[in-house]
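Protein chains in written order, with my numbering: chain A, 1 to 133; chain B, 1 to 133; chain C, 1 to 133.
If you are wondering where the hints come from, they were derived from the structure by calculation, not from laboratory data. One or more of the hints may lead you astray.
[Unchecked claim] Ranges of calculated distance between the beta carbons of each label pair, as one might list FRET restraints:
1) K104(A) - P52(B): 39 to 47 Å
2) D113(C) - A119(A): 18 to 26 Å
3) E59(B) - K47(C): 23 to 31 Å
4) E67(C) - M87(B): 19 to 27 Å
5) W54(C) - S2(A): 34 to 42 Å
6) S86(B) - E83(C): 41 to 49 Å
7) W54(C) - N51(B): 36 to 44 Å
8) G117(C) - P49(B): 24 to 32 Å
9) G102(B) - P75(A): 38 to 46 Å
10) P52(B) - K47(C): 46 to 54 Å
11) K48(B) - A28(C): 28 to 36 Å
12) E67(C) - E110(B): 22 to 30 Å
Glycine is no exception: its CB is placed at the ideal position from the N, C-alpha and C atoms.
The primary structure of each chain is shown beneath.
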Amino acid sequence: MSKLSIIVFSGTDDKLIPVGVIAQGAAALGMDVQIFVTGWALTKFIKKPANPVWPKEFESMVPLLMEGMKKNNAPSWADMLKEAKSMGAKVYACSLMASVMGLKREDFNELVDDIVGVATFLQNAEGGQTLFI
Amino acid sequence: MSKLSIIVFSGTDDKLIPVGVIAQGAAALGMDVQIFVTGWALTKFIKKPANPVWPKEFESMVPLLMEGMKKNNAPSWADMLKEAKSMGAKVYACSLMASVMGLKREDFNELVDDIVGVATFLQNAEGGQTLFI
Amino acid sequence: MSKLSIIVFSGTDDKLIPVGVIAQGAAALGMDVQIFVTGWALTKFIKKPANPVWPKEFESMVPLLMEGMKKNNAPSWADMLKEAKSMGAKVYACSLMASVMGLKREDFNELVDDIVGVATFLQNAEGGQTLFI
Numbered sequence: 001m002s003k004l005s006i007i008v009f010s011g012t013d014d015k016l017i018p019v020g021v022i023a024q025g026a027a028a029l030g031m032d033v034q035i036f037v038t039g040w041a042l043t044k045f046i047k048k049p050a051n052p053v054w055p056k057e058f059e060s061m062v063p064l065l066m067e068g069m070k071k072n073n074a075p076s077w078a079d080m081l082k083e084a085k086s087m088g089a090k091v092y093a094c095s096l097m098a099s100v101m102g103l104k105r106e107d108f109n110e111l112v113d114d115i116v117g118v119a120t121f122l123q124n125a126e127g128g129q130t131l132f133i
Numbered sequence: 001m002s003k004l005s006i007i008v009f010s011g012t013d014d015k016l017i018p019v020g021v022i023a024q025g026a027a028a029l030g031m032d033v034q035i036f037v038t039g040w041a042l043t044k045f046i047k048k049p050a051n052p053v054w055p056k057e058f059e060s061m062v063p064l065l066m067e068g069m070k071k072n073n074a075p076s077w078a079d080m081l082k083e084a085k086s087m088g089a090k091v092y093a094c095s096l097m098a099s100v101m102g103l104k105r106e107d108f109n110e111l112v113d114d115i116v117g118v119a120t121f122l123q124n125a126e127g128g129q130t131l132f133i
Numbered sequence: 001m002s003k004l005s006i007i008v009f010s011g012t013d014d015k016l017i018p019v020g021v022i023a024q025g026a027a028a029l030g031m032d033v034q035i036f037v038t039g040w041a042l043t044k045f046i047k048k049p050a051n052p053v054w055p056k057e058f059e060s061m062v063p064l065l066m067e068g069m070k071k072n073n074a075p076s077w078a079d080m081l082k083e084a085k086s087m088g089a090k091v092y093a094c095s096l097m098a099s100v101m102g103l104k105r106e107d108f109n110e111l112v113d114d115i116v117g118v119a120t121f122l123q124n125a126e127g128g129q130t131l132f133i
């Protein structure tokens, strides 16, 4: 079984869509999927998540994107991630950045399986492929 | 022969330069190169491509970049991609995001070889390296 | 020993933090780490580096981030990179983009080991994992 790891750093909502799509697609193919949430993205995995944030360069296209997602009955990135998790994917929050941002275990929502350090993540990722999003 | 896959999500023109450079360089080394275009980047692979979009943070440096590209006779990212394709690289548009954005096969330009789903892409990418740009 | 390569294109200071953290973590695990600096990121590896640049979308959160880094005694990304280099990591500047930006060998600071082309980088990266940041 091949391994796919995703480091999610970007906190804009557009980039969470490919995180969900790729995680779900890879898990459905039987890949061993782990997601390491760090940086701004941590603000999207807490009980009181940040409001949607879109890249300044493409703000004018966001309504088209949202309408297209709805028309295609595309699930939200969080629902795709839940689906991936139901097939074995794991989601970890980065311990260093959680601490830097003052986030504790109880601040994270049910998407997060655990808080781990970068060394643990890198060791889990060995021998597979890793994306930085 | 080693495999290099590139997921191109960002639609700003600066990030299309490394897509072209890396695809051409890898193809020239005999690597098996596939490019999966999704998200905002789809707007750069259609017959009526979007106007150039630059990251807000570096807009003031764009004239210097463009002048430097010209002085160095650096080809455009599209020409580098054509060169990569002439050496065997393949360019695929993401079926889900194409549908979300209302883009059909005939909307894409000659750079695009086919429209495929993420599962097909991930299977093709197995055993190689994948970049998310 | 497994190989980890990082292409650093983004020039915003937030994304240099994971470059430092991952490079140091991977080097400490005994991985063979190489960093290929290109695009806007080149402006952060010169003797007169550009002023800090933050993503427009998260500018309001930067003071919280900086305060958290200080409270956690987190080293700067440059210090983490120096630590990684002391354990064998290598940092290369991209020859094409250096030329495009009018940067010569003597313009780069002590973090940069050499200026290399993309073909050399890709060959060094073969058989490992590569991140694009």
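So which of the earlier hints does this model not fit? Hint check: 4, 7, 9, 10, 11 and 12 fail, others pass.
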